[in-house]
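Colleague: Read in order, the letters of the sequence shown correspond to residues 7 to 138 in my numbering.
These aren't lab readings, by the way, just hints derived from the structure by calculation.
Zero decoy hints are in this set.
With a straight-line Cα cutoff of 25 Å, these simulated SDA-like cross-link-like pairs (lysine to any residue) come out: (1) Lys35 to Arg113; (2) Lys34 to Phe74; (3) Lys35 to Leu108; (4) Lys34 to Tyr69; (5) Lys34 to Val118; (6) Lys35 to Ser109; (7) Lys34 to Leu59; (8) Lys34 to Ser99; (9) Lys34 to Leu53; (10) Lys35 to Pro70; (11) Lys35 to Leu121; (12) Lys34 to Glu51; (13) Lys34 to Lys105; (14) Lys105 to Phe22; (15) Lys34 to Arg115; (16) Lys105 to Leu121; (17) Lys35 to Arg24; (18) Lys34 to Ser86; (19) Lys105 to Thr38.
The calculated label-pair distances, taken between Cβ atoms and stated as ranges, are: (20) Gly88 to Leu111: 33 to 43 Å; (21) Gly104 to Leu131: 29 to 39 Å; (22) Gly31 to Asp95: 15 to 25 Å; (23) Gly88 to Tyr132: 13 to 23 Å; (24) Arg43 to Val21: 16 to 26 Å; (25) Tyr132 to Pro70: 15 to 25 Å; (26) Trp39 to Arg68: 11 to 21 Å; (27) Gly55 to Glu129: 23 to 33 Å; (28) Leu117 to Pro70: 14 to 24 Å; (29) Val21 to Tyr89: 17 to 27 Å; (30) Leu107 to Arg61: 30 to 40 Å; (31) Glu62 to Gly104: 32 to 42 Å; (32) Glu129 to Asn97: 34 to 44 Å; (33) Leu111 to Gly55: 16 to 26 Å.
Glycine is no exception: its CB is placed at the ideal position from the N, C-alpha and C atoms.
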Amino acid sequence: MEPIREGEADMAVAVFPRCRRRGWGIVKKIATWSIRRSSGCLLTEPLSGQRVLRRELMELLRYPPRGFGLEVGLTLDLLSQGYTLLEVDTNMSHRERGKDLLSILHRLRQLVAVLREIYLRRELLYPGRRPE
7 MEPIREGEAD MAVAVFPRCR RRGWGIVKKI ATWSIRRSSG CLLTEPLSGQ
57 RVLRRELMEL LRYPPRGFGL EVGLTLDLLS QGYTLLEVDT NMSHRERGKD
107 LLSILHRLRQ LVAVLREIYL RRELLYPGRR PE
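Model the full assembly from the supplied sequences, consistent with the hints where possible.
Modeller: Okay, here's the thing in structure tokens:
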């Protein structure tokens, strides 16, 4: 919360220590690509749900993001409007998933949600070109 209070950034995103068990990184790569393509910002953890931002920034979202797509939609919208984001290392941990069926289904739900948010904001990926 310090970076927000001290005015260093408009949104702070937690970066967790590296996981032991990992997936294939498909959802993360797509999220990273869309954010970098639209804003030039390269994030380490584009899917991190641990975020701090000023409440009024939530009113600036183009579409109400839902579920697993919230983080990507929030990031795309705020960066496209010139707001700043800072990634902050943390010692927190989260439940790690493997490559079993339930984990794959979880990642599939994440992928669908992230792709939805990117699709809704597709004009940000190709400035000057109108989507059809």
